[in-house]
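Novice: Residue-level listing of the chains:
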Amino acid sequence: MRITAPAFKENAQNALTDLHLQRALEHVEAGFIHKRAKVVAALPEFDALRDAARDIKNHTLEHLDLYLEAYEKAATKAGGQVHWAETGGDARAIILDICRKAGAKTITKGKSMVSEEININDFLAENGIEPVETDLGEYIIQLRGEPPSHIIAPAVHLTKDQVEADFRRVHTHLDAARDLSESTSLLAEARGVLRDKFLAADVGMTGANFLVAETGTSVIVTNEGNGDLTQVLPRVHIVIASIEKVVPTLEDVSTLLRVLARSATGQDMTVYNTFSTGPRRPGDPDGPEEYHVVILDNGRTAMLGNEFHDMLRCIRCGACMNHCPVYHAIGGHAYGTPYVGPMGAVLAPALFGLDEAANLPNASTFCGRCESVCPMRIPLPKLMRHWREKEFERGLAPATQRWGLGVWAYFAQHPRLYRLSTRLAIGALGWLGKKKGRFRALPLAGGWTRHRDLPAPSSRTFIDQIRDREQ
Amino acid sequence: MTDKPSQKAPHVGLFATCLVDLFRPGVGFAAIKLLEDAGCTVSVPQSQTCCGQPAYNSGDRRDAAAIAKTVIAAFEAYDFVVVPSGSCGGTIKKHYPGLLGDDREWGARAEALSAKTHELISFLTDILGVAAVSARFDGSVTYHDSCSGLREMGIEAQPRALLETVDGLTIREMADADVCCGFGGTFCVKYPELSNAIVEKKTEAIAASGADTVLAGDLGCLMNMAGKLQRQGRPIKARHVAEVLAGMTDMPAIGESE
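So the protein lines, in turn, are chains B and V.
Here this note's numbering is used: the first residue of the first sequence is 9, the next is one more, and so on.
Here this note's numbering is used: the first residue of the second sequence is 16, the next is one more, and so on.
One or more of the hints may lead you astray.
Distance condition first, Cα-Cα at most 25 Å in a straight line; then the derived DMTMM-like pairs of lysine to aspartate or glutamate [unchecked claim]:
1) 43(B) to 191(V)
2) 205(V) to 399(B)
3) 442(B) to 191(V)
4) 84(V) to 379(B)
5) 109(V) to 297(B)
6) 216(V) to 34(B)
7) 216(V) to 401(B)
8) 84(V) to 399(B)
9) 43(B) to 219(V)
10) 205(V) to 305(B)
11) 390(B) to 117(V)
The hints are simulated quantities; they were obtained by calculation from the structure and are not laboratory data.
The model shown is predicted, which means the values in this text are computed figures rather than measured ones.
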């Protein structure tokens with residue numbers, strides 16, 4: 009997708025006035041938060057599971073080189089081919105090469121955020137290969153030419169009416185008088201259309217929620233079963249995954265799946281948990297003839313051991329954005345990167361550069377709700393603050409902001425000067441605001457008073473009043 | 016504890032916070048009353064300014080560290096540091112040690128200050144064992160859980176428990192009391208439109224509770240919510256929870272005239 013994070017403020021402003029979007033966003037709160045709360049409350053050991061899940065990832069990251077090599081060995085032994093891609097460009101070239109060798113005209117795709125990260129759809133289309141998204145949400149946004157607005161619910165920004173309109177616009181071969189008023193009829197229609205695509209595809213591409221080092225297995229979770237058809241029906245299966253998806257054992261996966269489903273969709277378990285190990289073996293009833301795994305770095309090894317290391321634990325559940333007041337206000341597209349919400353605010357600057365994405369870690373109230381629900385206990389506000397520090401060090405923050413902060417910080421370190429200046433400023437403002445008790449407008453405070461009144465300060469500061477009392 | 020309980024009254028250094036100092040001294044006086052009623056000796060160091068959170072959260076670690084040092088120097092002599100704010104209290108308690116961790120001497124002093132720093136209401140209940148206050152408030156209140164207080168300092172039950180003991184007061188919980196009000200310190204001026212969208216949901220929830228006063232433990236959030244309620248013309252008052260617990264509600268509510 010095209011990165012529009014530098015225009016975050018304009019994007020956000022547009023999102024706030026988009027009535028369809030605002031209506032759709034109401035479902036995020038109702039749909040995700042309450043469901044998660046319910047399943048978490050039903051599992052007394054949920055917090056202990058979170059600790060166990062965090063420890064698994066911490067251990068893996070400590071020995072990432074070892075587990076990646078073990079994974080490669082096991083996957084190769086199972087008949088798979090492992091490809092290493094340092095950059096998005098490398099990954100695109102590898103995937104195109106596999107598709108060309110397979111003589112692919114169309115490829116079906118399971119939902120994959122890494123594929124969004126490397127912008128594979130546009131690239132394949134430019135090279136004459138048609139990518140077909142098969143996850144219902146991804147299918148819908150592909151029809152609309154939009155990027156996903158949420159890492160697990162890509163079309164969550166849309167209302168049912170909008171989807172109906174899109175289906176009528178695109179599926180012109182179907183009866184114009186058909187009834188599409190129910191979600192189930194929309195789903196059935198998408199399934200019918202996609203059935204032919206599944207059968208026609210030469211290559212199927214999926215992401216991976218986990219790569220299992222001990223067995224060389226890739227794991228995907230879906231609620232629609234589209235991932236299974238994507239990876240089983242075509243002759244060639246390509247898995248695209250980033251390096252931090254590897255975990256040591258199947259036992260570890262079972263722990264992670266338990267926290268993933270609960271944190272993501274409020275399910276005890278996702279409906280389809282599909283484990284793929286290599287291509288079809290003699291005697292297997294189905295499966296691809298070729299099984300490729302493209303493992304992407306794209307800046308992640310640089311995060312190992314630095315202040316953003318914890319972010320590599322992320323299992324992409326989306327709980328942080330589901331609980332984020334900023335995400336609730338504007339949805340995902342405003343962030344202008346594939347990764348949105350608090351996890352995107354930490355990951356996007358690492359993957360796409362701080363110059364591109366500096367707005368994102370700033371656009372947080374640091375309310376900490378993301379961290380409180382993160383199954384992997386990633387200290388998201390702390391990591392966002394680290395990006396603000398980098399931004400500050402590099403002088404990227406707006407000059408007025410830096411100057412204002414600098415003056416204030418100087419006074420805050422010099423209590424006598426601070427007393428004198430606040431006494432004067434507050435005295436005047438307090439006197440001005442005394443009659444009404446608040447201001448409706450105030451020079452230099454427009455950011456505040458555009459939307460709310462500003463309580464008038466006291467005409468005498470607390471510290472001065474204490475001094476008066478003591479004298 | 017192996018030591019015999021000290022007969023001496025605990026000596027508390029009150030860190031008023033810059034917002035209370037400038038905008039609402041009454042919260043400081045309410046804090047003094049509550050602490051003295053609970054048997055503390057209270058001092059208000061004149062050299063206090065701000066906890067440094069605006070610099071810290073803007074990525075300016077150097078200034079934040081310099082400010083932290085002035086706070087530590089001003090407060091480390093007291094038995095306890097008490098703050099009528101979960102946010103500023105959280106900065107001192109949860110963030111100073113990391114901020115100064117690279118400096119051996121200051122890191123240790125930050126740790127020591129952190130260990131004896133508390134938010135006001137939880138200090139009263141959890142450290143001093145206060146179970147009831149003697150105050151009267153004729154009205155219904157709804158309590159907003161400020162984010163840092165709730166998630167960094169674990170303040171949730173304490174203010175509600177003490178409010179239950181105020182004569183004449185009814186608590187009407189709002190929906191999503193634990194969701195951010197959109198203040199976020201510098202966030203509200205850096206992203207005013209976003210902040211507004213968030214506080215609009217909050218004032219909607221406050222109004223739907225049917226309470227005639229909204230309370231919280233952080234003046235920043237309160238100024239944000241009060242300012243929005245007033246701009247919307249809603250006749251709902253906003254006060255710091257300490258004012259109600261101290262029975263000092265004769266002063267005008269936040270943003271109201273005398």
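Novice: Please flag the earlier hints that this structure goes against, numbers listed from lowest up.
Specialist: Hints 3, 4, 5, 7 and 10 contradicted; others consistent.
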